[in-house]
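Student: Sequence:
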Amino acid sequence: MGLKEIKRGDHLLILSLGMHVPCFLDNFFKTRQLFNVMQKSGRISKEEQTLSEVLYKRHLSHLDHHSPWLLPSLNSPSPAPLSPHSLLFYTSLFLYHIHTLCFTVGAVGKKEEKNMRVSSSFLASLVLVLVFLVANGDPLVPAVIIFGDSVVDVGNNNNLNTLIKANFPPYGRDFVTHRPTGRFCNGKLATDFTAEYLGFTSYPPAYLSRDARGNDLLTGANFASAASGLYDRTANLYRAIPLTQQLNYYKEYQTKVVNTVGKAKANDIFAGAIHLLSAGSSDYIQNYYINPMLNRVYTPDQFSDILIRSYSTFIQDLYGLGARRIGVTTLPPTGCLPAAITLFGGGSNQCVTRLNQDAVAFNKKLNNTSESLLDKMPGLKLVVFDIYQPLLDMVMKPADNGFFESRRACCGTGTLETSLLCNDRSLGTCTNATSYVFWDGFHPSEAANQVLAGNLLAQGVSLIS
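1246 is the number of the first residue of the sequence shown in the numbering used here; add one for each residue after it.
Simulated from the structure, these hints should not be mistaken for laboratory data.
Do not take every clue at face value.
To be verified - Pairs of lysine to aspartate or glutamate residues, derived as DMTMM-like cross-links and limited to a Cα-Cα distance of at most 20 Å, are as follows:
no., residue 1, residue 2
1, K1496, D1477
2, K1626, D1546
3, K1610, D1546
4, K1626, D1638
5, K1609, D1638
6, K1610, D1620
7, K1510, D1383
Claimed, not checked - Now the in silico label distances, taken between C-beta atoms and shown as ranges:
no., residue 1, residue 2, range
8, G1647, G1673, 19 to 27 Å
9, T1598, R1541, 46 to 54 Å
10, D1546, S1680, 16 to 24 Å
11, R1541, N1481, 15 to 23 Å
12, R1458, R1599, 40 to 48 Å
13, N1677, N1612, 32 to 40 Å
14, R1599, L1566, 32 to 40 Å
15, N1594, D1631, 21 to 29 Å
Glycine residues also receive a C-beta, built at the ideal position from the N, C-alpha and C atoms.
Using the sequences and the hints given, assemble the complete structure.
Tutor: If you want it as structure tokens, here you go:
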């Protein structure tokens, strides 16, 4: 893939995009027009305006004043010199963010939106940009630490005496190795893509795996366990790793890192690392909604209060252990998961409204609690990642997001199968999972995870600045 020089007007861009250069360049200028329209309409937030500048500053160490590569400012016709590394990161991340806005902006007129919609070919170009980036630069943060449930478990449950596993085909069939790893997906998880986009050449290893040792721990670890949740009794039901035990493993991990590099450097790693938490869905779908000992005692609102208290305690404990950059995902539209529709939809193939309402109510409390925590903890960067709306958009408008099927999952009948029920003998498993929003009854496909990862990166700018 060679560098190509392209001139358009007075601006010179050198981009490593191979055959996708024409598409990228065309969409780049369309996106600049759209940015101006949206900025005038008030649809660009302060965070969105500063996204590119933040990323550029983060890469000043790569600046090369001798190179002729120029990128026009989005607010000014005056070009600014950038190194290829800075140029690619600056451009690709900003354009991805604008791409996501193209499908949600309401203030832009229909004519402008139709003319400026970013094509799917542009997304392919963006992927090439990001691949080039991670192969040629240092990670944006020293490490990535992951806690949570099956959405982010990369194999810890392989080492547990539990039925909730995914270390057999067809899981992993589209992964890099084309083998099952314990991920509840046909390929990569959203956190895998996030690690790549941040510049890592490997993924945080499952802490209970053989890979989690020595220097491999210096760039992070994954403590997540399928069927775990914010409520420890959810994990106990399925013999998974409760969140409190995940935190204990993190303390053990910290000791190992200190022994490897010394306390001072270790503390820098802990403070600079991005800590991600994805939990809560299992508490509802695999516990509360099917457990009369809970749903007859607590209303959904009362149960959410229990979960939020657990979340608050967890964040405070992480902070006490030196974590300063934390991201937590909202609940997804749980009522739109294929298995949830089957179990709670009453024969309909539509999203279950009451489940989605519970998720929205929980997410509101999650945001409010996170704001309160920020006020109490100096130096903390805490971002709530909205995965509810992006996933709902994929479900409700699959064609607009590059998908064919959003009600049924790829594995088996697509209505319920997950874990042991999703196996190589499951009848009806699709041959092309990229057309499906969901891989199994509960989990997104690799293609959907890639979309979610782009949203995570765009929303989490403050965690890498």
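Student: Evaluate each hint against the coordinates.
Tutor: Now for the hints, and whether the structure bears them out:
no.	hint	in the structure
1	K1496 - D1477	18 Å, holds
2	K1626 - D1546	27 Å, violated
3	K1610 - D1546	10 Å, holds
4	K1626 - D1638	28 Å, violated
5	K1609 - D1638	19 Å, holds
6	K1610 - D1620	16 Å, holds
7	K1510 - D1383	17 Å, holds
8	G1647 - G1673: 19 to 27 Å	22 Å, holds
9	T1598 - R1541: 46 to 54 Å	21 Å, violated
10	D1546 - S1680: 16 to 24 Å	38 Å, violated
11	R1541 - N1481: 15 to 23 Å	19 Å, holds
12	R1458 - R1599: 40 to 48 Å	46 Å, holds
13	N1677 - N1612: 32 to 40 Å	37 Å, holds
14	R1599 - L1566: 32 to 40 Å	38 Å, holds
15	N1594 - D1631: 21 to 29 Å	25 Å, holds
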